[in-house]
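Here are the chains, one letter per residue:
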Amino acid sequence: MKVLTLNFLTCAVKACKSSPASHPLHPKDAELVQDELEVNSDMIVNVLPRLDWTALRTTSSELGFPPLPDQPPTAEELEADDKKLKDLHHLLLETSISEGKLVCGNCGHEYAVKEGIANFLLPSHLV
Amino acid sequence: MEQPQVSDQPEAASSGAAYEDTHVHAVYEAIAPHFSATRHKPWPRVASFLNAQAPGSVGLDVGCGNGKYLPVNPRLHLLGSDRSAALVDLARGQPAGPGASSKAEVLVADGLALPYRLGAADFAICIAVIHHLSTPQRRRDSIAALLDSVRPGGTVLVYVWALEQASSRRGWDENSQQDTLVPWVMKGPKGDPNEGTTYQRYYHLYRGGELEEDVLAAGGAVLEAGYERDNWWVVCSKQQQPGDP
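Sequence order for the protein chains is W and F. If you count the first sequence from 1, position 23 lands on 23 in UniProt numbering, and the numbers rise without skipping. If you count the second sequence from 1, position 137 lands on 137 in UniProt numbering, and the numbers rise without skipping.
What the hints contain is simulated information worked out from the structure, not anything from laboratory work. Be aware that one or more of the hints could be misleading.
[Unchecked claim] To spell it out: a stretch of chain W is covered by chain F in this simulated footprint if at least three of its residues, at any positions, have a beta carbon under 8 Å from a beta carbon of chain F; those stretches are: (1) 31-43; (2) 68-74; (3) 118-124.
[Unchecked claim] Quick partial rundown of chain F residues pointing at chain W, CB under 7 Å, derived from the structure: (4) Lys41; (5) Val88; (6) Ala109; (7) Gly119.
C-beta: ideal position from N, C-alpha, C; glycine also.
Produce the entire structure from the sequences given, and follow the hints as far as they go.
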């Protein structure tokens, strides 16, 4: 599961969805894998408005990446700064969680990730 | 044919879920490899919907099955999910695009308890999924969950099996029973113990106009709708509330 995907996830428990604490989910015992992928600036620049940047900063630091700036870069900044673009591409698209857990900060439920696939099916008492 | 015992009462949500466990989920877990082998060609209208999205858009494929739509447009971030772990394993094997070196982004989730941040995705597709839900309320709730997942103005494409398909090999027409069990005869490799086993999957066959009614009841607005190859389809978005930008 790519870091980009994690930015779009929250807890599957209905009561958690409206709580700010349920996003982002927190990786636990996460094993990371890196893929080498061609940089496509459209894929990064156009997704910027859809990202929750504050959540991405949290995820980035939890995964041990260097701190991200407080504010997201603008499209112009990314297009002018190749390193900024590549770093963001590396974090969002080349970095994946292959094994571990994702933990909800609101209810504490842990979702398992195995072979890159997270399982969000809930036990019956949480449905 | 055995008629499914399904309550049409909305309060029967938990029994609806239990019914689907037996008559939908368990069947797909059992037939996943054979089912997947028969599902590889994307439907043209679905492919053109995906190809019309702006590069870098984030989309959801809810009920992605074996993931046949995930590689269609490599310039999208398309996130697949399915209730069947066996199908998700197969979908994971899809490339993220034609010739892409990374695997498809997929997860296991129930369409009525999706793990997506509200209002965040650009668009969603849900192809041949909602007809497996066994009460009107659950079908409408699943459409509401799709609409809740996309940003204001984001579109959702839904396909369901039609009741009116007199020219198909099933031969159903408007007088047929809408809630029905449809057999799947397993064809496995030689010597497979399940070879020839017949599984029954639950379907609610949609009559003309019913999908639009469900979209409206779920708080959506219908943008386009039609009939194609034994299916009803609709493109919808969330009804704008007073005060929305």
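Against the structure, the hints:
1. 31-43: Holds: 6 residues of the region 31-43 of chain W have a Cβ under 8 Å from chain F.
2. 68-74: Check failed, 0 qualifying residues.
3. 118-124: With 5 residues in contact (Cβ-Cβ under 8 Å with chain F), the coverage given for the region 118-124 of chain W holds.
4. Lys41: 25 Å, violated
5. Val88: 6 Å, holds
6. Ala109: 4 Å, holds
7. Gly119: For glycine 119/F, the interface hint is violated, since the closest Cβ of chain W sits about 10 Å away, which is over 7 Å.
Comparing the model with each earlier hint shows violations of hints 2, 4 and 7; every other hint is respected.
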